[in-house]
Structure formats: structure tokens, C-alpha cells
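Number of protein chains: 2
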Amino acid sequence: MNIFLSVSYSSEISADGSVNAAYRHDLEAVIAVLEEAGHKVFCAPRTDNWILKNVSPSEGFNQDIDEILKSDVIVALIGEKISAGQQFELGFAFHAKKRLILAHKADVKLPYIDQGLVDQPDVSDVAYENIQTLHTDIVQHLELK
Amino acid sequence: MNIFLSVSYSSEISADGSVNAAYRHDLEAVIAVLEEAGHKVFCAPRTDNWILKNVSPSEGFNQDIDEILKSDVIVALIGEKISAGQQFELGFAFHAKKRLILAHKADVKLPYIDQGLVDQPDVSDVAYENIQTLHTDIVQHLELK
Chain S
483 MNIFLSVSYS
493 SEISADGSVN
503 AAYRHDLEAV
513 IAVLEEAGHK
523 VFCAPRTDNW
533 ILKNVSPSEG
543 FNQDIDEILK
553 SDVIVALIGE
563 KISAGQQFEL
573 GFAFHAKKRL
583 ILAHKADVKL
593 PYIDQGLVDQ
603 PDVSDVAYEN
613 IQTLHTDIVQ
623 HLELK
Chain H
483 MNIFLSVSYS
493 SEISADGSVN
503 AAYRHDLEAV
513 IAVLEEAGHK
523 VFCAPRTDNW
533 ILKNVSPSEG
543 FNQDIDEILK
553 SDVIVALIGE
563 KISAGQQFEL
573 GFAFHAKKRL
583 ILAHKADVKL
593 PYIDQGLVDQ
603 PDVSDVAYEN
613 IQTLHTDIVQ
623 HLELK
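Order-wise, the sequence lines are chains S and H. Take 483 as the starting number for the first sequence in the working numbering and just add one per residue. Take 483 as the starting number for the second sequence in the working numbering and just add one per residue.
Be careful, since some hints might not be right.
Treat identical chains as interchangeable: a pair holds within one or across any two.
Claimed, not checked - The calculated lysine-lysine pairs, modelled on DSS-like cross-linking and capped at a C-alpha distance of 25 Å, are:
(1) Lys580 / Lys552
(2) Lys535 / Lys591
(3) Lys591 / Lys580
(4) Lys579 / Lys552
(5) Lys522 / Lys587
(6) Lys522 / Lys552
(7) Lys522 / Lys591
(8) Lys563 / Lys552
(9) Lys552 / Lys591
(10) Lys591 / Lys563
(11) Lys563 / Lys535
(12) Lys522 / Lys580
(13) Lys579 / Lys522
(14) Lys563 / Lys580
Read the hints as simulated data drawn from the structure, not as lab findings.
Just chain S, same shape as in the assembly (with noise of 0.2 Å):
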């Protein structure tokens, strides 16, 4: 399955453009498990080699439609800020009608849009403990369907 992983980016990164080594590892462990569940990734701070300044921003947001457009599932890991970039591909993505999964932390209350959201056909709101649990959860998502 494509799956399109939505993460905060522009407010993830040091000032020469780097993201946060911790946020970074945090991502790839959430991809590593994807994909070695066979599905294929796009996350674009992987794509632009963990370096904001790569791309500029339309750039960035032509790539970030076309990949929503080519994939199957949006996972979108909400965090505790939010994410401007995020809100935008969760809103194109549902016109587009694709599956939606918003994962958080079981503490992380949802931003209002989003509570709607997920009471929406195809929407999926996973709440985990930790990122252990996460991988299990989102993997146990896609293979219900």
C-alpha cells in the first residue's frame, strides 16, 4: 500500500534547515516499521534528505499534492502543535477521497476540525501510548481493510 506520512516539518527544524535529530528519529523508526511491513513511505522531510532548505516551498507543495494524489492512505502523526502543512493535506486529501488515519498520542487532544474529521467515513482516529504501540495500531488499521 502507498501510504502518504504527514508530519509536522517547517516548525521541526534547526536554523540551517536540519530537522531535530530527535523528531528525525522518532520518524524513521514510525517509517522502518511501515515499511517493513511491505508498504511503500512517502515522508518529506525523508525525501528532501532531512534538510528544509532544499525545496522551496512551491516546490515542496507540488511535491506534497502529487504524492497524496498517487497514495492509498494518508497517516497523519498529529502532535501537540499544529501543523499547518498537516491540516492542509488532511483537508486536500479527504476531498480527494482518500482514506485517512490520525494518529496521537492517547494526551493529545484533537484540534476541533479534526475531532469532526474523524467521525467522517473513512477516517480512522488511532490513539497510542507510545510509539511501540503506534506502529502495531496503524499496521492493525491497514490490514483490517
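Chain S is already provided as a structure; the job is to place chain H on it using the hints.
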């Protein structure tokens, strides 16, 4: 013209759910100018009588996407703080091929994804100095096409 006025909402309310007075005042000024110019304006907090608790997240979500689909143009008032709802609305409307106008104060830097968005066809970036100029700028943009 049917205008969907996309605004911050859930982050602009008091404990009782009512929209903050100064914010409401600003929105009412924008709505008035657009209506005086002959447009029909949908603005979610006004429809909710300026109280968020009047609707559930699901009802709000469905109302939102229905109104976007009925509109000719989305005018998004982008503030300093990222709004999850607005970004979702922009993504949804962009895939639905709606005309978009992103209006923001001249000193507000657009989120990274929106910097890419305003480079797309049928998307306008309107930087304004004050709320009076904003009215004129939006109306001009609407009349240009």
C-alpha cells in the same frame, strides 16, 4: 458572489464558548464591507450566533464542507497563530478547485505550506496594512476576474 470567509474560530473563544468581542468586531467589519459590495458571505462563527458550543465538532465540520462546496471563492483571513480549521478548509477547497484569497496583515509571515499555495493558479496573496485597506483589496481582487 458566494464567499466562504475562512477564519480562526475555536482559538478565539472565551470559557463559555462565546467569540471574543474584539475579534467578533473585526470579523463583522469585514463581513459588512463584503455584503455591502453585493456578495453573500458565509462565516461559521456568525452562523453559530458567535457561540462555538452551539454545534458539535461533527455538525460544524459538515456545515463547513457543505458551505465550501457551495461557494465561488474562499477568503481566508490568516492571522499570526496557525488555525487548524482554516488550513484544513484551504486544502479541501484547493482540491475542489475553488478560487482562494489568502489575506493577512503585511507583517504576518504565511506558514510554509501557504507560501507554496499562493504560487498556484487561482490563488491570491493579499497583504494589507489595516482593516480598511483589506476591504478594498479583497473587493478589488473579487472584481478583477
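Next on the checklist: Run through the hints listed earlier and report the numbers of any the structure violates, in increasing order.
Outcome noted: 7, 8 and 9
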